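**Student:** Following the hints, put chain B in place on chain A, whose structure we already have.
2 protein chains.
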Amino acid sequence: MKDMDFVTLLGLVAGTLTTISFLPQAIKTYKSRSTKDISLEMFGLFTVGVFLWLVYGLYINSLPIILANAVTFVLAFIILVLKLKHG
Amino acid sequence: MKDMDFVTLLGLVAGTLTTISFLPQAIKTYKSRSTKDISLEMFGLFTVGVFLWLVYGLYINSLPIILANAVTFVLAFIILVLKLKHG
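In order, the protein sequence lines correspond to chains A and B. Mind the numbering: the first sequence is residues 1 to 87 in my numbering, read in order. Mind the numbering: the second sequence is residues 88 to 174 in my numbering, read in order.
Since the hints were derived computationally from the structure, they do not count as laboratory data. Every value quoted in this text rests on a predicted model; they were computed, and no experiment measured them. Be aware that a few hints might be false.
[Stated by the list, open to error] Cross-link-like lysine-lysine pairs, in silico, DSS-like; alpha carbons within 27 Å at most:
#1 K123(B) to K83(A)
#2 K85(A) to K118(B)
#3 K170(B) to K123(B)
#4 K36(A) to K123(B)
#5 K31(A) to K170(B)
#6 K36(A) to K83(A)
#7 K31(A) to K172(B)
#8 K123(B) to K85(A)
[What the hints assert, rightly or not] To be clear about the criterion: a stretch of chain A counts as covered by chain B if any three or more of its residues have a C-beta under 8 Å from a C-beta of chain B, and this derived list gives those stretches:
#9 6-20
#10 38-45
#11 52-61
Glycine residues also receive a C-beta, built at the ideal position from the N, C-alpha and C atoms.
Looking at chain A on its own, in the form it has when it is part of the complex (with noise of 0.2 Å):
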């Protein structure tokens, strides 16, 4: 149990990372109405398997994947419409 605690904090903190790695980037591109540099193919890629992820974390009931994958969605699919937008 106590070896549990850690393995989920341990993707907790991982999901964290990952997760809120993707706030920067929505906000540039939020205010800088910018996505020159930016992969179409990136996110649309990334948002298509990101919401797999999140059904894989419920099927293996993995918590740190569920919460993680489930927000970073919300955020790649911001910033794949601001590139949709914007080109």
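**Tutor:** Frame of chain A, contents of chain B only:
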């Protein structure tokens, strides 16, 4: 066992998508040498986070998480280095 295989396959597809998504961004950034619209905070936090996901995958013994994050780490690190180089 059949369910297990489906879930592992789902994770592998998810991991393949989120992992290969970084390839077009890495290629685009390498070719254009233009990183103005890319957030340094995003790729800094993301690279550290993906490394921790890799360790998490080793702990919970999840092949999709291990494979996906090993490759994603390399690609995100390349983009981070290009961002640091070109500003």
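**Student:** Hint by hint, which ones does this structure get wrong, listed from lowest number up?
**Tutor:** none
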